[in-house]
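Student: What follows is the residue order along each chain.
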Amino acid sequence: MSRSLVTVDALVVGAGPAGLAAATALKLGGTGTVLVVDREEEAGGIPRLCEHTGFGLRDLRRVLSGPEYARRWVERAVACGVEIRTRTMVTGWAAPGRAEMTGPSGVLEIDARTIVLATGARERPRAARLVPGTRPSGIFTTGQLQQWVHREHLPVGRRAVVVGAEHVSYSAVMTLRHAGVHPVALVTDLPRPQSYRLFDLLVRVGLRVPVWTRTSVAGVYGRDRVDEVLVRGPDGDERSVAVDTVVFTGDFIPDNELARLAGLSIDPGTRGPACAAGGATTAPGIFAAGNLVHPAETADVAARRALSVGRAAATWLRQGGDRTMPGATERVRVADPLHWVVPNMVDPARAGDESVLIRSRVFLDHPHVVVTQGHRLLASYRLRHMIPNRSHHIPSDWWGRLRPGQDVLISVSPRPGG
Amino acid sequence: MTDDHTYDVVIIGAGVVGTAIGRQLARYRLRTVMLDRCTDVGMGTSKANTAILHTGFDTRPGSLESALVRRGHELLTAYAGRAGIALEKTGAVLVAWDAEQAVRLDDVVTKSKANGYLRAHRITLEELYRREPALGGGAMGAVVIPDESIICPWSTSIAYATEAVGAGVELRLGVEVTAVTRDADAWLLRTTSGSLRSDWVVNAAGLGSDLLNHQFGHDEFTVAPRRGQLIVFDKMARPLLSSILLPVPTERTKGVLVAPTVYGNVLLGPTAEDVPDRQDTATTAVGIHGLFDAARRILPDLINEEVTATYAGLRAATEHPDYQITTHDREHYACVGGIRSTGLTASLAIAEHVVDGMGAGGLSLAEADHEPAVPHMPQLAERATRAFEDTRMIEDDPAYGHIICFCERVTEGEVRDALRAPVPAVDLGGVRRRTRATNGRCQGFFCGAAVAAQFASG
Ligand SMILES: Cc1cc2nc3c(=O)[nH]c(=O)nc-3n(C[C@H](O)[C@H](O)[C@H](O)COP(=O)(O)OP(=O)(O)OC[C@H]3O[C@@H](n4cnc5c(N)ncnc54)[C@H](O)[C@@H]3O)c2cc1C
Ligand SMILES: Cc1cc2nc3c(=O)[nH]c(=O)nc-3n(C[C@H](O)[C@H](O)[C@H](O)COP(=O)(O)OP(=O)(O)OC[C@H]3O[C@@H](n4cnc5c(N)ncnc54)[C@H](O)[C@@H]3O)c2cc1C
Chain A
1 MSRSLVTVDA LVVGAGPAGL AAATALKLGG TGTVLVVDRE EEAGGIPRLC
51 EHTGFGLRDL RRVLSGPEYA RRWVERAVAC GVEIRTRTMV TGWAAPGRAE
101 MTGPSGVLEI DARTIVLATG ARERPRAARL VPGTRPSGIF TTGQLQQWVH
151 REHLPVGRRA VVVGAEHVSY SAVMTLRHAG VHPVALVTDL PRPQSYRLFD
201 LLVRVGLRVP VWTRTSVAGV YGRDRVDEVL VRGPDGDERS VAVDTVVFTG
251 DFIPDNELAR LAGLSIDPGT RGPACAAGGA TTAPGIFAAG NLVHPAETAD
301 VAARRALSVG RAAATWLRQG GDRTMPGATE RVRVADPLHW VVPNMVDPAR
351 AGDESVLIRS RVFLDHPHVV VTQGHRLLAS YRLRHMIPNR SHHIPSDWWG
401 RLRPGQDVLI SVSPRPGG
Chain B
1001 MTDDHTYDVV IIGAGVVGTA IGRQLARYRL RTVMLDRCTD VGMGTSKANT
1051 AILHTGFDTR PGSLESALVR RGHELLTAYA GRAGIALEKT GAVLVAWDAE
1101 QAVRLDDVVT KSKANGYLRA HRITLEELYR REPALGGGAM GAVVIPDESI
1151 ICPWSTSIAY ATEAVGAGVE LRLGVEVTAV TRDADAWLLR TTSGSLRSDW
1201 VVNAAGLGSD LLNHQFGHDE FTVAPRRGQL IVFDKMARPL LSSILLPVPT
1251 ERTKGVLVAP TVYGNVLLGP TAEDVPDRQD TATTAVGIHG LFDAARRILP
1301 DLINEEVTAT YAGLRAATEH PDYQITTHDR EHYACVGGIR STGLTASLAI
1351 AEHVVDGMGA GGLSLAEADH EPAVPHMPQL AERATRAFED TRMIEDDPAY
1401 GHIICFCERV TEGEVRDALR APVPAVDLGG VRRRTRATNG RCQGFFCGAA
1451 VAAQFASG
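Heads up: the protein sequence lines correspond to chains A and B, in order. Quick note on this note's numbering: the first sequence kicks off at 1 and runs consecutively. Quick note on this note's numbering: the second sequence kicks off at 1001 and runs consecutively.
Simulated from the structure, these hints should not be mistaken for lab results.
Computed, partial: chain B to chain A, Cβ under 7 Å:
| hint | residue |
| --- | --- |
| 1 | T1283 |
| 2 | T1284 |
| 3 | V1307 |
| 4 | A1309 |
| 5 | T1391 |
| 6 | C1442 |
Computed footprint of chain A on chain B; a stretch qualifies when at least three of its residues, placed anywhere within it, have a C-beta under 8 Å from a C-beta of chain A:
| hint | region |
| --- | --- |
| 7 | 1397-1405 |
| 8 | 1443-1457 |
Estimated spans, in silico, between C-beta atoms of each pair:
| hint | chain 1 | residue 1 | chain 2 | residue 2 | range |
| --- | --- | --- | --- | --- | --- |
| 9 | B | L1211 | A | R192 | 46 to 54 Å |
| 10 | B | P1422 | A | L261 | 32 to 40 Å |
| 11 | A | A242 | B | D1369 | 52 to 60 Å |
| 12 | B | D1280 | A | V370 | 48 to 56 Å |
| 13 | A | R390 | B | R1296 | 30 to 38 Å |
| 14 | B | I1123 | A | H385 | 52 to 60 Å |
| 15 | B | G1081 | A | C80 | 48 to 56 Å |
C-beta: ideal position from N, C-alpha, C; glycine also.
Chain A on its own, in the form it takes in the complex:
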């Protein structure tokens, strides 16, 4: 039995905020057929499952609930003439530029002149964090918890420990409260929580949920159901906490499988495909956008940056869409304790029109950020602070001063502790 084959000008994989924004920009940039596929029942990506408010400030200029925000992006894309197919999962590549997928109508292949990958990021689950112990039920990630509570209305538990103290961890606290679960504490191995002060106050003072800093989870135990979480405090002292639920939050990792199967070079910091400004990857004609590239930004940031990826892809198509042209090669790297930078490749043909995102693994006060290429100092900036799990923007004006043939390094001085 043969598979059906469809040809489009642009295929966008993932109908989250980034995919929808990229598709919209592709269409507005004069691209013929633009098809977005998503494996979920409905388009909209993760915000669709986030009942809470806090979406859309930087792209739609208003504050919306997740589902409302998702709907606006779907409507925008459809209004521009973007075609969306849901319940359709890209499972691999039949050939470069030809995606294999499964949907309700069966198995099909789509040939596309350009492809934008916008497959998002997921939170690292318990096992990936190498937390020892047994394998009882009651262990969640925030993403799973939200769907469990808001979509499927399944019972959760009574008392929970939340692992992590970044933005999404606070969202887990709210979801637990909504489900009638008592959050016993947030646990972070860093010296301070990493989200907004307001969230921290709301949770610590408002809800009286403590944040245990410099504390890690040393084990999760229980036979059928979690009954104990072992935490290790700042002095190495271990203590047992009686809970029936643990939520592992944050610590995002890109859903990079399709990118890797396409042979794209992966950035060691983000673990997403290495990308130049405009989302160009190491394979000409394949672009990447959203939390696949920068794990994880808020939805508005993902969507805004994806607009420029869509524009870049449309321009590439207008210029002939030549797959034989070499892709970007030089890297932008970071030095310890920086965690990652986006964009992390240099495309000499394009000056970036977005800021550069950098992250640190540790808290830094007044760090001096230095951009160098070989022995050349390209730029230096003084930031007020850097907070782990949060991006800091630095300007991209140095992009124009790059020379081809050499990697760029971003570092901070003084080193932490200074």
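Model the placement of chain B with the ligands on the given structure of chain A, informed by the hints.
Tutor: For chain B with the ligands alone, coordinates are given in the frame of chain A:
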């Protein structure tokens, strides 16, 4: 006592060994029941092992284990083909990492021959690195064992049980045997849900086989649980190796290996630790870090890949170096204990051996009218055409075109089938072992709730 509870044979323990015995007895005109205290088959050691179909090249020559592993390899290879149990003949390379180990490689080949396996042979370092380019540097020599294979351990117990149940064997789950007595002509088993009477009893209770053996008045062995922790790496690691990478074994353990899985992952482990508690299947920080250290040498790129899961299983080790299989003819009692680290491989041969023994001991083995039908298990092999990519299946039933577990590409149709199978999934773990759903890299971030909801709604 009603007739309802009177059997010719009761098998205590529905692990891979107990279900294999149930399957073997299904071909005879007998009233047989398989009991297990767990709510699914294969929930003990049979679900948490290294999933290798061994050739037996490194067993103790002349032992019962040696004979049954060899025969079991042959039988299960054939059976897996018929029942659709995922199996891949990847072969293994046994690698020496220092001079002392290299000296022992010739002994490995000699011992293999003594075990009746003739195809193990030395290869040059050049061949080794051609075969396994990602192998860590510094190997000092290697032996290839071409027939070592990887298999799906979950489908194996389920297939045996399905075949047995299809041929009229009863399966009672969630039933623990708590006391054993006998009267003039039968065994009386007290369980957590009523009593049973049986002419013959088979003790296939794995880690509990010695305790049960005491209840039958015997004490040939004591189980000393030996824990093995394992790490499952992301599918992206699969291209790093083509065969099973074995260390040079010691008296005590087969050592830490790296192996592909039939689901397309890479497995690292197991550890070997004596633990006092027969239920202690917890992983430990020391265990996990020890495995990472081993991987750094064997396959250094592996540690840069994401971990998908960690787990631990308990080997039913005893003070004896061999299986503890005894048929007490006069008592009509067969003890099948101490099946330590090769029971998955040997299962069909153990069943053949035990049932032959029971026949010789007086159990009437009159053939039933129909031969049991080999079931067709759902396709779990990464290499095969699975439901989501099978155009014809989707055309016949669109539920196979609806992927609900994205990482493992499991469809709504397969989850539904698992809930309606002859030996159905009764909890989410059961769905996982029958379909792979939620077993992937996201561990439920995307699909956990949807799979749970489909389970809840039946
Ligand atoms: C619990 C939680 C709470 C959050 N709260 C907020 C908040 O309050 N405010 C805020 O601004 N942001 C919030 N975020 C972040 C926000 O959800 C992300 O920034 C945003 O969703 C990123 O968009 P994206 O398009 O890159 O990825 P996603 O939204 O993850 O979309 C990716 C899409 O790709 C699809 N896909 C992946 N692989 C395939 C494939 N192979 N075939 C077909 N489709 C595929 C997926 O189904 C998904 O729909 C939250 C995130 C989480 C997890
Ligand atoms: C880490 C590890 C790696 C291994 N790797 C391999 C491998 O690669 N290849 C291989 O061939 N083998 C391997 N093995 C060995 C293999 O897993 C075992 O030999 C096999 O699973 C034993 O099966 P079983 O049916 O005897 O025991 P189990 O699967 O433990 O079954 C015994 C059953 O008896 C039930 N039971 C016990 N007492 C009672 C009672 N009183 N009433 C009712 N029910 C009871 C239990 O609930 C259990 O389900 C490995 C083992 C371990 C631990």
